[in-house]
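Enquirer: Protein chains in written order, with our numbering: chain A, 41 to 383; chain B, 41 to 383.
For the record, the hints were derived by calculation from the structure and aren't laboratory data.
C-beta: ideal position from N, C-alpha, C; glycine also.
Warning: the hint list may mix true and false statements.
[Stated by the list, open to error] Selected chain A positions facing chain B (Cβ under 7 Å, derived; list incomplete):
| # | residue |
| --- | --- |
| 1 | Ala190 |
| 2 | Pro194 |
| 3 | Lys198 |
| 4 | Lys323 |
| 5 | Glu334 |
| 6 | Leu336 |
2 protein chains.
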Amino acid sequence: MPSEQDKQTHLSFAELSALLARIFERHGTSAEVAAILANNCASAQRDGSDSHGIFRIPGYVSTLASGWVDGKAVPQVTDAAPGFVTVDAKNGFAQPALAAARALLLEKARANGIALLAIHNSHHFAALWPDVEPFAREGLVALSFVNSMACVVPHGGKRALFGTNPIAFAAPREGHDPLVFDLATSAIANGDVQIAAREGRQLPPGYGVDRDGQPTCDPKAILDGGALLPFGGYKGSALSMMVELLAAALTGGNFSFDFDWSGHPGAQTPWTGQLLIVIDPSKGAGHNFAARTEALVRQMQDAGQPRQPADRRYRQRALAEREGIAIIDTELARLRALAEAST
Amino acid sequence: MPSEQDKQTHLSFAELSALLARIFERHGTSAEVAAILANNCASAQRDGSDSHGIFRIPGYVSTLASGWVDGKAVPQVTDAAPGFVTVDAKNGFAQPALAAARALLLEKARANGIALLAIHNSHHFAALWPDVEPFAREGLVALSFVNSMACVVPHGGKRALFGTNPIAFAAPREGHDPLVFDLATSAIANGDVQIAAREGRQLPPGYGVDRDGQPTCDPKAILDGGALLPFGGYKGSALSMMVELLAAALTGGNFSFDFDWSGHPGAQTPWTGQLLIVIDPSKGAGHNFAARTEALVRQMQDAGQPRQPADRRYRQRALAEREGIAIIDTELARLRALAEAST
């Protein structure tokens with residue numbers, strides 16, 4: 041029998057999204073920004089991306105209250121070249137910056153075969169897959185890179201420099217939802233280290249270092265002045281470096297180690313940059329791109345790969361569309377309180 | 041005292057390149073193709089990329105003799121869209137295809153801010169860094185992806201499907217040679233498995249599977265019907281899948297498992313595709329891109345990272361420029377014999 045604590049209420053996507061939008065607006069964002077962030081956060085919750093769903097709301101509220109990010113920022117879009125769009129997010133969130141530039145980016149990708157969106161002066165505090173999946177639904181291939189905050193030691197180094205620096209990729213797949221992945225270039229997420237520490241579990245080797253830069257399997261030593269390692273040794277480290285260059289140096293945003301939020305207690309959002317590359321596969325010799333993707337996925341299944349990237353999200357999404365999005369009642373009460381309170 | 045076997049002769053780059061060009065031409069390539077492949081192979085030898093230098097020459101000769109690849113192919117370049125160039129390599133090598141399209145690709149990247157080159161019907165049997173480094177020397181950022189031949193099991197699968205599928209990246213660095221990496225998405229190169237088998241060494245866990253798809257540390261079991269694993273678990277596997285989609289599906293080339301060379305004994309070159317993406321960072325807010333790259337590298341050094349991608353190659357290159365490229369005499373004799381013989 042479920043305990044009182046586990047009781048759940050099922051909300052529709054529209055209900056959850058509206059509730060989250062009220063929270064964002066109450067805590068200092070414009071209505072436009074609230075709608076975009078609420079949609080993003082509700083999508084993650086719906087798809088079972090727990091670490092990027094309503095779990096993030098207290099962080100958003102805290103960072104808005106700190107004055108670190110401008111929840112009312114109006115992004116400034118510049119048509120920099122036939123294939124190149126830049127956005128100054130004006131110290132606001134990255135998702136409204138992408139939304140403001142999206143139509144121009146799509147137009148350029150279709151006209152030129154490839155186009156780039158460089159966002160800087162932006163805060164990305166969400167999953168990256170929601171930024172790329174919609175392009176694949178329009179038949180395009182999309183790549184995105186975001187740097188974050190210094191918590192990953194370069195391979196062979198002693199001090200954190202890189203962010204968790206995710207890479208996301210989306211491609212259309214004939215007759216199916218798009219093939220999408222979103223992977224941190226760190227060996228493990230910070231949240232998973234916290235969970236291991238709470239449960240008293242040791243981590244496998246290769247996940248982190250202690251405050252002296254020495255390898256450790258103790259999650260507490262990683263959290264207590266230590267840092268994460270890149271995934272896959274020197275290769276993951278090289279990819280994380282590439283994310284810094286693409287998401288920050290190329291856009292004009294901060295590197296993960298560049299910003300100092302000590303003057304804003306409660307600040308949690310990395311103030312960096314984001315790059316998107318969108319490709320129109322119909323321009324190439326690969327006219328049948330989505331069919332080729334599907335052929336590759338079938339081969340991966342035949343080779344015994346038990347599940348494909350994004351499979352779990354799509355299953356959760358289908359469940360949520362049938363039954364609603366389950367929220368634990370105590371959490372729902374907290375969300376409703378935040379929707380009433382203002383800072 | 042060095043044995044007779046270890047005696048070396050030092051050749052200039054021009055001498056080695058001319059010798060290799062004679063070999064290629066003798067064994068069935070056009071003079072144009074010979075010059076391009078010789079330059080590529082001599083560059084790898086000069087830079088200490090031993091596995092992609094003269095070590096590859098017998099493989100080139102064998103594959104040319106088999107009739108699998110057309111050494112006289114004339115690539116056909118198509119201006120597909122303002123930011124999109126396609127090349128049909130006509131069953132020839134990928135490097136001449138890149139050379140034929142390079143000027144158009146550069147022009148498009150500078151005009152649009154980003155451009156793409158999609159090569160298909162091509163054979164890539166070389167290191168990937170020589171394809172991207174020259175773009176960084178012109179102030180541009182370059183990414184390349186090549187798929188190869190089925191020898192890597194998708195994460196969680198039992199059967200080889202992906203190639204070693206390298207990703208290469210190059211970025212200009214103020215006051216220094218470009219920052220360049222070229223990394224296979226497999227956990228280890230096939231050649232290194234062969235060396236471990238010869239030396240009777242076990243491999244670390246996570247490098248390969250045996251013929252039944254079971255994890256093994258025995259290099260002989262990997263070579264005897266087994267396969268390699270992707271680097272970094274499911275993340276490397278996702279990246280390898282992305283390489284298949286970008287280098288093959290998008291270009292119209294074969295997947296790594298698509299081709300059947302059983303009718304061409306001696307064939308060694310994967311008949312696939314290659315994608316290049318070239319970005320002009322001066323179009324973005326990151327006007328000072330090369331200076332930002334340099335700032336990042338300094339931070340990586342300060343964080344204790346002992347060496348940067350490509351450092352070793354540049355050191356070897358400087359040495360070779362001072363002293364010539366050292367070739368063991370017995371190997372040089374074999375090369376000279378190949379330059380005289382024709383198949």
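Enquirer: Look at each hint and say if it fits the structure.
Expert: A quick look at each hint next to the structure:
no., hint, result
1, Ala190, "9 Å, violated"
2, Pro194, "4 Å, holds"
3, Lys198, "4 Å, holds"
4, Lys323, "4 Å, holds"
5, Glu334, "10 Å, violated"
6, Leu336, "6 Å, holds"
When each numbered hint is compared with the structure, violations occur for hints 1, 5.
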